[in-house]
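Heads up: the sequence shown begins at 2 in the working numbering, then just goes up one per residue.
Don't read these hints as lab results, they were simulated from the structure. Treat the hints with care, as some may be off.
Stated by the list, open to error - Each pair of labels, with its calculated beta carbon distance range: (1) Glu86 with Lys38: 17 to 23 Å; (2) Glu65 with Asp45: 31 to 37 Å; (3) Glu86 with Ile60: 15 to 21 Å; (4) Pro52 with Arg91: 25 to 31 Å; (5) Leu87 with Gly41: 27 to 33 Å; (6) Leu87 with Asp61: 15 to 21 Å; (7) Asn89 with Phe50: 24 to 30 Å; (8) Arg91 with Lys38: 24 to 30 Å; (9) Gly67 with Arg91: 19 to 25 Å; (10) Glu54 with Ser85: 29 to 35 Å; (11) Asp77 with Lys38: 15 to 21 Å; (12) Lys38 with Asp78: 27 to 33 Å; (13) Glu54 with Phe75: 14 to 20 Å; (14) Ser85 with Ser64: 15 to 21 Å.
Note that the structure is a prediction, hence the values are computed from the model and not measured. No residue lacks a Cβ here, since even glycine has one placed at the ideal position from N, Cα and C.
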Amino acid sequence: MKKSFLLLLGALISFNGRAEISSPIENSQAVVQTHPKESGLMLDIARHFYPPEVIKSFIDTLSEAGGTFLHLHFSDDENYALESELLNQRVDGAIQKTEFILIRLPKNLF
2 MKKSFLLLLG ALISFNGRAE ISSPIENSQA VVQTHPKESG LMLDIARHFY PPEVIKSFID
62 TLSEAGGTFL HLHFSDDENY ALESELLNQR VDGAIQKTEF ILIRLPKNLF
């Protein structure tokens, strides 16, 4: 429960980076402890612009809270492909339409 709360809190902090939490919030009647195998954050960057500094602060907060993934929603188009040399992902196998845009991100962006 504490990790989930920290992940949610990190997602709600928009431009201030990290938040300091002095004590966990507990319900006086019951305390629920869960240990999910995967926990993370989804950012819809297709519909809302986040400056790179904000995304970096989300990544830092997610890492500190023990998150295991960051899902970046780049596009509403189901056939959108993003090439990543770092992850060894190519757009060769992606479904392609006759009109599409391939975006190659600069290496020094993050």
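Status of the hints after comparison with the structure:
1. Glu86 with Lys38: 17 to 23 Å: Violated: the Cβ-Cβ distance is about 28 Å, outside 17 to 23 Å.
2. Glu65 with Asp45: 31 to 37 Å: For Glu65 and Asp45 the Cβ distance comes to about 22 Å; the hint is violated.
3. Glu86 with Ile60: 15 to 21 Å: This hint holds: roughly 19 Å between Cβ atoms.
4. Pro52 with Arg91: 25 to 31 Å: 28 Å, holds
5. Leu87 with Gly41: 27 to 33 Å: Given a distance of about 18 Å, which is not inside 27 to 33 Å, the answer is violated.
6. Leu87 with Asp61: 15 to 21 Å: 18 Å, holds
7. Asn89 with Phe50: 24 to 30 Å: Once the Cβ atoms are compared, 28 Å apart, the range 24 to 30 Å for Phe50 and Asn89 holds.
8. Arg91 with Lys38: 24 to 30 Å: 28 Å, holds
9. Gly67 with Arg91: 19 to 25 Å: 31 Å, violated
10. Glu54 with Ser85: 29 to 35 Å: 21 Å, violated
11. Asp77 with Lys38: 15 to 21 Å: 29 Å, violated
12. Lys38 with Asp78: 27 to 33 Å: Given about 30 Å between the Cβ atoms, the range holds.
13. Glu54 with Phe75: 14 to 20 Å: 19 Å, holds
14. Ser85 with Ser64: 15 to 21 Å: Once the Cβ atoms are compared, 19 Å apart, the range 15 to 21 Å for Ser64 and Ser85 holds.
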